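Going down the list, the protein sequences come from chains A and B. Each residue of the first sequence is one higher than the last, beginning at 1 in the numbering used here. Each residue of the second sequence is one higher than the last, beginning at 310 in the numbering used here.
Treat the hints as calculated values from the structure; they're not laboratory data. All values reported here derive from a predicted model rather than from experimental measurement. Keep in mind that a hint or two might mislead.
Taking CB as the label site, the calculated pair distances span [what the hints assert, rightly or not]:
(1) B:407 with A:36: 23 to 29 Å
(2) B:372 with A:10: 29 to 35 Å
(3) A:274 with B:343: 21 to 27 Å
(4) A:166 with B:312: 53 to 59 Å
(5) B:431 with A:255: 48 to 54 Å
For lysine to aspartate or glutamate, the following DMTMM-like pairs were computed, each having C-alpha atoms within a straight-line distance of at most 20 Å [claimed, not checked]:
(6) A:39 with B:381
(7) B:388 with A:144
(8) A:30 with B:347
(9) B:431 with B:335
(10) B:319 with A:211
(11) A:63 with B:433
(12) B:441 with B:407
(13) A:39 with B:433
(14) B:313 with A:209
(15) A:39 with B:340
(16) A:275 with A:209
(17) A:63 with B:381
Glycine included, C-beta positions come from ideal geometry on N, C-alpha and C.
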Amino acid sequence: MAVNLFYFFIFPGLLFLAVAGAFLSWFDRKISARVQFRKGPPLFQPFYDFFKLLLVKETILPKHGSPFVFLLAPLLAVFGATMAGVFILLPILNINTGFRGDMLVIFYLLTLPSFSFIIGSLASGNPLAAVGGSREMKLIISYELTFLLLIAAIIMKSGQHFDLNTIIETQQSGTPFIGSISGVLLFIAGIFCIQAKLGMVPFDMPEAEAELASGIYIEYSGPPYAMIKLAKYIMLFILPAFLIALLMNGMKPGIGILWVILKILGVVLLLILIKNTNPRVKIKQASGFFLIWMNLLVVIAIVLIAFGL
Amino acid sequence: MGFKDYCFRKSLWVFHFGGASCNNCDIEILDCLTPRHDLERFGILLVGSIRHADVLLVNGSINMRDKDRLLELYHQAPKPILVVAIGACGCTGGIFAESITFAGPVDAIIPVDAYIPGCPPKPEAIIGAIVKLAGKK
Numbered sequence: 001m002a003v004n005l006f007y008f009f010i011f012p013g014l015l016f017l018a019v020a021g022a023f024l025s026w027f028d029r030k031i032s033a034r035v036q037f038r039k040g041p042p043l044f045q046p047f048y049d050f051f052k053l054l055l056v057k058e059t060i061l062p063k064h065g066s067p068f069v070f071l072l073a074p075l076l077a078v079f080g081a082t083m084a085g086v087f088i089l090l091p092i093l094n095i096n097t098g099f100r101g102d103m104l105v106i107f108y109l110l111t112l113p114s115f116s117f118i119i120g121s122l123a124s125g126n127p128l129a130a131v132g133g134s135r136e137m138k139l140i141i142s143y144e145l146t147f148l149l150l151i152a153a154i155i156m157k158s159g160q161h162f163d164l165n166t167i168i169e170t171q172q173s174g175t176p177f178i179g180s181i182s183g184v185l186l187f188i189a190g191i192f193c194i195q196a197k198l199g200m201v202p203f204d205m206p207e208a209e210a211e212l213a214s215g216i217y218i219e220y221s222g223p224p225y226a227m228i229k230l231a232k233y234i235m236l237f238i239l240p241a242f243l244i245a246l247l248m249n250g251m252k253p254g255i256g257i258l259w260v261i262l263k264i265l266g267v268v269l270l271l272i273l274i275k276n277t278n279p280r281v282k283i284k285q286a287s288g289f290f291l292i293w294m295n296l297l298v299v300i301a302i303v304l305i306a307f308g309l
Numbered sequence: 310m311g312f313k314d315y316c317f318r319k320s321l322w323v324f325h326f327g328g329a330s331c332n333n334c335d336i337e338i339l340d341c342l343t344p345r346h347d348l349e350r351f352g353i354l355l356v357g358s359i360r361h362a363d364v365l366l367v368n369g370s371i372n373m374r375d376k377d378r379l380l381e382l383y384h385q386a387p388k389p390i391l392v393v394a395i396g397a398c399g400c401t402g403g404i405f406a407e408s409i410t411f412a413g414p415v416d417a418i419i420p421v422d423a424y425i426p427g428c429p430p431k432p433e434a435i436i437g438a439i440v441k442l443a444g445k446k
């Protein structure tokens, strides 16, 4: 029991995920600044933002809305992100939980932050938030099928194993999955799914700074907005970690810690470069992109896996 | 200075309210966020919603229609919020001070924490004011 609480709250749970995610968020902002020939924010900037929102600012409740749901949604987002993070990081750290079938639990927990943002935005009673919420809904419908097919392909490739621990062991005893043609196709689809899940620029229509004035988060201020920031920091860390566990053989002990940090930084760098070199697409284009092209890519990968490539 | 104040002054998020402006001050404000001046190195971001803002930048002369909007924005902002009046029109009314639709300079409507005079003020003057403001709080 005490061990489980330690797992959920300290390491690799809430505290570790939040700190690692905050540093990755700084990395994101710094690299974006360097790409635009700017200097960029200082190292502890995400912590200043978070503690300012949490400790200094006032919480404003919308007049025409449901305050209870509005305040509960950010907590639900942090809860979902943290649980998913614990289930992803324990197998990466080679701690066997003996939980078979955790892939599906991770899949559902990873959708929880997006769903709670939708619920929160619709509970705020703001028209711009409602537009943002409906766009996020359409985006979820677009990318979730691709993500589920991707997980199915990984399960097929590992020989019908439904738990992350065995998938990582299969890769560590053989070659990493990315070392094959189907693995590369899955990696491409995975990167775009993560981009959409994080709401990064080609797929950031739900918050759309320019037209919706930060859309789904428009009514949040103070501590609830700090919770949203926290959930976003955690998601920025656990989604690349999940991709690494699925395709790039997780973490080996010893010097492997350095490798896994480099792998996460590499995946995040790729995400940031895609974010900085692409304009925002329309929701129709995003749906078409995922429902036709990315699904086609993953289906081709599944066919290749069936032939053992 | 406590931990809370330190975090607050290291992370000022700016919401920009343009009154009946001639747009020169708006251009200079946007100039501060470009690669040449880069206000993000002080942790300053331009946000789209008043609910996220820590600083309310007001420029342009405030006429009778703007006054209600400005008051509404000020009441909707989460406290503590700092108000900065930019340009001659924001500080005093400038050449519009005797106009019939003029509803008073910004400090006659809401409390102002910093004034940046100039028509328009240079980006360096705006950055200097923001840094001084962050040091004051």
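Could you tell me which of the hints above the structure violates, numbers in ascending order? 1, 2, 4, 6, 7, 10, 11, 12 and 14
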